[in-house]
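Could you put the whole structure together from the sequences, leaning on the hints where they help?
These protein sequence lines are chains V and L, in that order.
Heads up, my numbering is the position in the first sequence plus 18, with the first residue counted as 1.
Heads up, my numbering is the position in the second sequence plus 18, with the first residue counted as 1.
Hints are computed from structural coordinates only; laboratory data are not their basis.
Hints are supplied without guarantee of correctness; some may be wrong.
Incomplete in silico selection of chain V near chain L, CB under 7 angstroms [to be verified]: (1) 45; (2) 125; (3) 325; (4) 420.
Just so you know, even glycine gets a beta-carbon here, dropped at the ideal spot from N, CA and C.
There are 2 protein chains.
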Amino acid sequence: MTRVTGFEVHDVRFPTSRTLAGSDAMNPSPDYSAAYLVVRTDSPGTAGHSFVFTNGWGNDVQAAAIRAIEPLVSGADLDATLDDLGGLSRRLVGDSQLRWLGPEKGVVHMAVGAVLNAFWDLAARRAGLPLWRLLATLSPDEVLALVDFRYLSDALTPGEAREILVAAERGKAERIAELEEHGYPAYTTSPGWLGYTDEQLVAQLEQAVADGFSQVKLKVGTSLEDDVRRLRLARSVVGAEVRVAVDANQVWDAGPAVEWIRALEPFDLAWVEEPTSPDDVLATAAIRRAVAPVPVAAGEHVANRIVFKQLLQAGALDVMQIDACRVGGVNENLANLLLAAKFGARVCPHAGGVGLCEAVQHLAFFDYAAVSCTSEGRMVEWIDNLHEHFAAPASVVSGRYAAPAAPGSSTEMLRESVARFTFPDGPEWGGRRVGSAPRHAAPERP
Amino acid sequence: MTRVTGFEVHDVRFPTSRTLAGSDAMNPSPDYSAAYLVVRTDSPGTAGHSFVFTNGWGNDVQAAAIRAIEPLVSGADLDATLDDLGGLSRRLVGDSQLRWLGPEKGVVHMAVGAVLNAFWDLAARRAGLPLWRLLATLSPDEVLALVDFRYLSDALTPGEAREILVAAERGKAERIAELEEHGYPAYTTSPGWLGYTDEQLVAQLEQAVADGFSQVKLKVGTSLEDDVRRLRLARSVVGAEVRVAVDANQVWDAGPAVEWIRALEPFDLAWVEEPTSPDDVLATAAIRRAVAPVPVAAGEHVANRIVFKQLLQAGALDVMQIDACRVGGVNENLANLLLAAKFGARVCPHAGGVGLCEAVQHLAFFDYAAVSCTSEGRMVEWIDNLHEHFAAPASVVSGRYAAPAAPGSSTEMLRESVARFTFPDGPEWGGRRVGSAPRHAAPERP
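Dropping the structure here:
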C-alpha cells in the first residue's frame with residue numbers, strides 16, 4: 019500500500035514586474051508567482067504536483083494555507099484517496115475549522131483547490147493518462163460523485179447534470195480523437211498589456227495574426243482616450259476578421275462601465291471581461307443588459323460555483339472564464355462546466371500567469387469531449403510566458419492548443435526553476451528577505 | 019514624530035471544543051481563536067490592538083496574512099496615518115499584488131481589516147475616547163472620506179450617504195448621552211448550542227430570562243425533529259414575550275431551507291439566520307420571499323460591502339449582521355451601516371467567539387448615535403464567554419450592553435492570556451506542535 023507522506027510547499031516568484039508584461043488596469047506590476055505543492059508518498063517517484071497562482075506579495079500566505087491542509091491528508095492510503103476524490107473534496111471544503119477562513123473563497127479555498135489538483139495529478143499519473151483523458155473516461159455517475167451539489171440544487175440538480183453527461187456520451191470517442199488530432203482553439207492576450215507602448219502593441223498584434231490566432235484581447239480601463247486609440251490601432255492591424263476582446267479587470271462601477279463599453283462598442287468587441295467586481299452578480303447582469311449585444315465575460319476571480327451559479331441565473335454572463343486555481347480544484351470546476359452547459363454559457367477558460375495554461379487546458383478539452391460537446395465560440399486564453407519552467411509545457415500552434423499527452427495534469431514545475439525562483443532565498447531574488455522586497459503602490463483609480 | 023515600527027502577531031487559541039460551547043450545525047467543535055495583532059510604534063506605551071477571530075485550525079494562516087501587510091505600513095508617520103484612515107483603507111484593500119488573494123474576501127481581506135482596526139484602536143486612544151465616541155464626533159464629510167464607495171454607486175452614492183449622516187446630526191448629543199446612561203440592547207445565544215443537552219438548554223434559558231434578555235437564539239439545522247423539540251421546550255421556558263431566533267449556519271439549499279423554516283414557523287421566530295450559503299444572494303432572497311413573514315438575517319460570513327449591497331438590493335435581508343473581523347475593518351463597516359440605513363435593514367451585529375462582542379459593540383453604538391438613530395428591533399449578540407481575557411471587557415447587564423468607556427476599541431487582550439493560550443507553545447497547549455493538534459472531521463450533512 020502506498021501512503022501519502024506529506025507536503026513539500028515552495029514559494030516560487032518570477033520577477034515579471036521588471037518588464038510590465040502582465041500589466042493591466044488593476045495590476046500595474048505583478049510578479050507572477052506560484053505557491054507550489056508537491057504531495058509526497060512513500061512510493062519512490064510517485065508524487066502529485068499543483069500550485070496556486072498569485073500576483074506576488076502574499077504568495078507565502080498562500081503557501082501557509084496549503085501547509086495547513088497537510089494534516090488532513092498525511093498518512094492517507096493513496097489508492098483509497100484517489101478512488102474517492104469526491105469524498106476528499108467534501109472533506110476538505112467542509113472542514114469545520116478551516117471553512118471559517120472562507121467559506122469557499124479566497125486563500126483557504128484556493129489552497130483546498132491546490133491539494134485536490136495535486137491528487138488529480140496523481141490520479142492521472144496512476145491511470146497513465148493526461149488529466150483530460152482520465153476525466154473523459156469517467157462514466158456520468160462517476161463524474162456526479164465528484165461534484166458537490168451543495169447550494170446548487172435551485173439551479174442544477176444531480177438529475178439534470180446526469181442528463182447532460184449521458185447525452186454527451188454519444189460521439190465522445192470521436193471528439194477525443196478529433197482533439198488529439200486538431201487540438202482546441204486558443205486566443206492570445208500577449209499583445210494587449212496596458213504597460214506596452216503603441217509600437218509594442220502593433221508588433222505583438224502582427225505577430226499574433228501571423229501566428230494564426232483568430233482572437234486577441236486588449237486590457238482597457240485606465241484611460242478611455244488611450245483605449246479608443248489602442249483599439250483603433252488594433253483593428254487597423256488585425257482587420258475585421260480577427261476578433262478583439264477587451265478586459266477591464268474590475269475597474270468600473272456599474273454606471274461608468276456601461277458608458278465606457280458603449281464608447282468602445284464601435285470596434286466590434288468579442289467580449290468585455292470583468293467590467294466590475296467579480297462578486298457583483300446584480301451589477302454584472304445590469305451591465306450586460308445595458309451593453310447588449312456586447313457579450314460579457316467573467317470568472318478568473320469568481321470565488322466558487324455558488325457565484326457562478328448566480329451569474330448564470332441572473333443572466334449576467336455570455337462567457338464563463340473558469341480558472342484552474344481560483345476555485346476548489348478540478349471538482350468544483352466540474353460543477354462549473356455543468357452549470358455552463360445547463361445555462362448555455364460559453365466556457366473560455368482564464369489562463370496566463372504562470373502555469374495557468376498548463377492547468378486549465380485539460381478542463382477545456384474535457385468539456386468538449388464529455389460535457390458541452392462544442393467548441394463553437396469557445397477558446398482557451400494563451401499567453402506565451404513562463405512555460406519553459408514546466409516539465410510538460412502547454413503548446414499552442416497555429417492558434418490551437420495541442421492535446422496534452424503526458425500522464426498527469428501538466429502542473430509539474432522543473433526542479434531547477436523552483437530552486438532558482440524560490441523567494442526570497444533563490445538566486446533570482448538574491449536572498450532578499452521577506453519584508454524588504456520591492457512593494458508597489460495601489461493602482462491609481464481611473 | 020511617532021513612527022510605526024512594526025507588527026507583533028500572535029496565534030492565540032482557546033480550546034473551546036472541549037466543552038462544545040460554540041457547537042452548531044456547521045461547526046461541531048470550534049476552538050475559538052484570534053490571530054492577534056499589536057501595531058508597535060517608537061513611542062513607549064503607544065500601540066494598537068486588534069485581531070481576526072477564527073475557528074481554530076488555520077489561525078496561523080490568518081496570522082501570516084496579517085504579517086504580509088506589515089511592510090505596507092512599517093515606518094509610517096503615525097499621526098499622518100491616523101489622519102487619513104480612508105486613504106490607508108484604499109491603499110491596503112487595493113494593493114495590486116495582495117488583492118489577487120481575495121479580492122476583498124477571506125483571509126487577506128480579514129487581515130486588512132485587522133490592520134485597519136488596530137489603527138482605529140490607536141486613533142481612539144490618541145483621542146482619549148472609546149471608538150464609538152470618536153466615530154460619533156466625526157462630521158458627515160469626515161465619515162464619507164473613510165468609506166470606499168467603489169462598487170457601491172448603483173445602490174448608494176456619496177451624496178445619499180451624506181444625506182443620511184447629515185439628518186443624523188440632529189439629536190446626536192442626546193442619543194450619545196442616552197447610550198452612556200442606558201446602554202444598547204443585547205440578545206443571547208449562550209443557551210442554544212447544538213451540543214447542549216435538553217437539560218443544559220432549559221437551565222441556560224431560565225438563566226437568560228432571569229438575566230433580563232428579551233431575545234434568545236437557538237442553533238438549528240441538524241435534525242428537524244430535534245429542532246422542533248428544542249423550540250417547543252424553549253417556548254415553554256421563556257414564554258411568548260421573549261423573542262426566539264434560530265440560526266442554521268448555512269446548512270441548507272434553498273428548497274430544503276423553505277420547508278424546514280416553515281416547519282419551525284409555529285414557534286414564532288424572531289428571525290432565521292444564515293439559511294444558506296452567505297454568497298448566495300439570489301437563494302437568500304428566494305427563501306425570504308417564501309418564508310415571509312419570518313425575517314431573514316445574515317452577515318457574519320458576508321465577505322464584503324459588495325455582497326451586503328446585493329443582499330439589500332435583492333430584498334434578501336431583514337436583519338444585517340455585521341461582523342467586526344470579517345470585512346475590511348471599521349471603514350467597510352461604515353459602508354455597511356450606511357447601506358443598511360439606505361435600505362431600511364435592521365443592524366444586529368454578530369458577536370460571540372472571542373472578542374467579537376468587545377469589537378462590534380462600538381459599531382452598534384455609533385450606528386444609533388450617528389447613522390440609523392434607532393434601536394428599534396436592533397440588538398447586539400452576546401455570549402458570555404472568554405471576556406476575561408480582555409483589558410476592557412464588554413459588559414452586559416439586564417440584557418443591555420454598557421457603553422464602552424475606556425479609550426480605544428476594547429480589543430486589547432491581556433498579556434498573560436496571550437502567553438497562556440499561544441499555539442502551540444503556550445502552556446494551555448502543552449507545546450503541541452502544529453500538525454499534531456487534534457483535528458475534527460467535517461460535519462455530517464443534515
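Go through the numbered hints given earlier and state which of them the structure violates, listing their numbers in rising order. Checked against the structure, the only hint that fails is number 4, while the rest are satisfied.
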